[in-house]
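Dock chain G against the given chain V, drawing on the hints supplied.
2 protein chains.
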Amino acid sequence: MNNIIICGIGLIGGSIAKGLPKDNFNVYVIDSNLDSKNNAIRNKHAHEAMDSVEEVKKLEDAIFIFATPPKTTLEILKKNEWLLGSKFSVTDVTSVKTELIKYLKGFDAENFILSHPISGSHLSGFENSSENLFAGKTTIISSFGSSKFHLDRIQNLWKSLKSNVIELDYENHDKLFSLTSHLPHFVAYSLMKVLHDNNIDISTYAGGGLKEFIRLSQSSPEMWGDIFQSNAHLNKHIDELVEKLIELKELSSSKDGFALKEYLKQFK
Amino acid sequence: MNNIIICGIGLIGGSIAKGLPKDNFNVYVIDSNLDSKNNAIRNKHAHEAMDSVEEVKKLEDAIFIFATPPKTTLEILKKNEWLLGSKFSVTDVTSVKTELIKYLKGFDAENFILSHPISGSHLSGFENSSENLFAGKTTIISSFGSSKFHLDRIQNLWKSLKSNVIELDYENHDKLFSLTSHLPHFVAYSLMKVLHDNNIDISTYAGGGLKEFIRLSQSSPEMWGDIFQSNAHLNKHIDELVEKLIELKELSSSKDGFALKEYLKQFK
Numbered sequence: 001m002n003n004i005i006i007c008g009i010g011l012i013g014g015s016i017a018k019g020l021p022k023d024n025f026n027v028y029v030i031d032s033n034l035d036s037k038n039n040a041i042r043n044k045h046a047h048e049a050m051d052s053v054e055e056v057k058k059l060e061d062a063i064f065i066f067a068t069p070p071k072t073t074l075e076i077l078k079k080n081e082w083l084l085g086s087k088f089s090v091t092d093v094t095s096v097k098t099e100l101i102k103y104l105k106g107f108d109a110e111n112f113i114l115s116h117p118i119s120g121s122h123l124s125g126f127e128n129s130s131e132n133l134f135a136g137k138t139t140i141i142s143s144f145g146s147s148k149f150h151l152d153r154i155q156n157l158w159k160s161l162k163s164n165v166i167e168l169d170y171e172n173h174d175k176l177f178s179l180t181s182h183l184p185h186f187v188a189y190s191l192m193k194v195l196h197d198n199n200i201d202i203s204t205y206a207g208g209g210l211k212e213f214i215r216l217s218q219s220s221p222e223m224w225g226d227i228f229q230s231n232a233h234l235n236k237h238i239d240e241l242v243e244k245l246i247e248l249k250e251l252s253s254s255k256d257g258f259a260l261k262e263y264l265k266q267f268k
Numbered sequence: 001m002n003n004i005i006i007c008g009i010g011l012i013g014g015s016i017a018k019g020l021p022k023d024n025f026n027v028y029v030i031d032s033n034l035d036s037k038n039n040a041i042r043n044k045h046a047h048e049a050m051d052s053v054e055e056v057k058k059l060e061d062a063i064f065i066f067a068t069p070p071k072t073t074l075e076i077l078k079k080n081e082w083l084l085g086s087k088f089s090v091t092d093v094t095s096v097k098t099e100l101i102k103y104l105k106g107f108d109a110e111n112f113i114l115s116h117p118i119s120g121s122h123l124s125g126f127e128n129s130s131e132n133l134f135a136g137k138t139t140i141i142s143s144f145g146s147s148k149f150h151l152d153r154i155q156n157l158w159k160s161l162k163s164n165v166i167e168l169d170y171e172n173h174d175k176l177f178s179l180t181s182h183l184p185h186f187v188a189y190s191l192m193k194v195l196h197d198n199n200i201d202i203s204t205y206a207g208g209g210l211k212e213f214i215r216l217s218q219s220s221p222e223m224w225g226d227i228f229q230s231n232a233h234l235n236k237h238i239d240e241l242v243e244k245l246i247e248l249k250e251l252s253s254s255k256d257g258f259a260l261k262e263y264l265k266q267f268k
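Which chain is which? The protein sequence lines are V and G, in order. All residue numbers for the first sequence refer to the working numbering, where the first residue is 1 and numbers rise by one. All residue numbers for the second sequence refer to the working numbering, where the first residue is 1 and numbers rise by one.
Hints in this document: simulated from the structure, not taken from any laboratory. No false leads were mixed into what you were given.
All copies of an identical chain are treated as equivalent in the list; a pair is satisfied when it fits inside any one copy or across any two copies.
DSS-like mimics (lysine-lysine), calculated; alpha carbons at most 25 angstroms apart, straight line:
(1) K244 <-> K268
(2) K162 <-> K22
(3) K265 <-> K211
(4) K137 <-> K211
(5) K87 <-> K58
(6) K236 <-> K261
(7) K78 <-> K261
(8) K102 <-> K175
(9) K22 <-> K37
Note that the structure is a prediction, hence the values are computed from the model and not measured.
Next up, chain V with everything else stripped away, as it sits in the complex:
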C-alpha cells in the first residue's frame, strides 16, 4: 500500500483523490476547508483527514502532493523544509515553476519531482473535481537529478490516474507554458476588459470564437494571479504579442490585400 497525502483538495487535489484506485493507495487529505475534507471522507474519496502538514510525520513513508496554487505551495514548503531530502516522494501540480525551482536549487531536493498535469478547467474547487480529469491527458514531469526510486513513484502516480507522462527539462518548462497557456489566459482577461469597458452585451452577440475567451477569463483569479506574477518568461512574450498586434494592424491598414492574406495563411 502506498500512502498518498494530498495537500489542498480543490479541482486538482480533489480529482486526484477521486481518481486514485483505493485498493492500492491509502489517501490522506489536508485542507483548511472543512466542508471539502468532510465531503472527501464521507464519500470515501479519502481514508483520513489531517489537520496540518506536521501531522504527516507520523507516517513512515508516503507520496506528498502539493495540490495548492503556486505561491501557497512555496509558503507551505518553506515552513516544512524537512520534506526535502526526506524519504517521502514529493511533488506539486502547478503550471508555473520559476519560483519553486529558484527555491529548490538551495537544497539537495532529489526527492522533489515537478509535476504539471495539463488538464485544467475554468472551474475550480473540490465540488468541480472529477475522477477522470487526468485520463487521456498529458502530465509533464521534470526532475532535479532525482533518484530513480522517486521518479518512478511519481510517474506511476500519474499513470494510476490514467494520464500520459512526458518528461521535460525543468529549465524549459516555464518558457513553454508561458506561450501555450499563460499568454492565452492573459490575452483572454485583457480582451474581456476591452469588451467590458465598451459595455458589450456578450450574452446575445458572442459567436463561437468569443465563448472560449469568456470561459478562460472565468478561471480562478487566485491561481492565475499567482501564475501571472510568478512566470519569469511571461512579460517578454506579452511584449512580443503587442509587437505582433501592431505589425498585423499595420499590414491590415496598408491596403495590401495580398501580403495580409499571405500573413494569415501561415497558420493553416
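Same frame as chain V, but now just chain G:
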C-alpha cells in the same frame, strides 16, 4: 414558389442551398467554381446553375443572396447596380458592413437588407457546408428603411433555415462585431505568430485554452483579410487591447497580489 439565387456557394452559400426546404423554394446557384456548382446540382441542393449575375434578369422575381466575402460582394454589386431598387429582395451574409453601408447610402436601396448569420466556422468551402449550419443560431438583420415586403421576405428566408432572427441598427453592427468577433480572430492570428516565431511545438503542449486560438487562426485568410481591412472600428479596439495588455502586465509586475486578483475577478 420563391426563387432564390445564391451567388457564391462556399461554406455559407452551400449551407443555405442545403438547408432550404426545396418544396417552397426554387434554388439557383452562381459560382466560378464548377465543381461546387455541379456538386450542388447533382445532389439536388439546387435546381439550376447560372453562369453569371446577368442571367438573373430572366427571372421575374427572386431573393438574391450575396454569399461572397465582403470585398467580392461589393465588386459584384457595383457591376450590377440594377439590383438596387429592383423588385428583387437582395441580401448579403458578411460579418462586416462598413464599406457596404458607405456604398448603399448613394442609392435608394430599400430592397437591400443586411444579413449576418452568426454561425461561421474555421472551415470553409462548399465541401464543409451543412444543412444545419444556421439551425438554432442567431442571424442579425439590419434595414435601410426597407419596405415591410422585403424585410419580411429576408426574415422568412432565415427562419426557413431555422435561424433566430434579431434586428440591429446598422450603425451599431460593425462596432459590436469588431469587439465580439473580429478582435478575437485578430488576437488569435497575432498570438499564433508569437508561438510560431518562438518555434513552439503546439501539437504536444497545447492545453484546452490554446486549441481555440489554433482553430480561429485556421479560418479563411481570404475572408478574414477582407474583414480586417474593412471594419472601420477594428483599429481603435486593437489599440484598446494593447493598452489593456500593458495595464495588466504592469499590475502583474507590481507584486500587488490583491489588486491583481480583484482585476481578474471582474469577469467571473
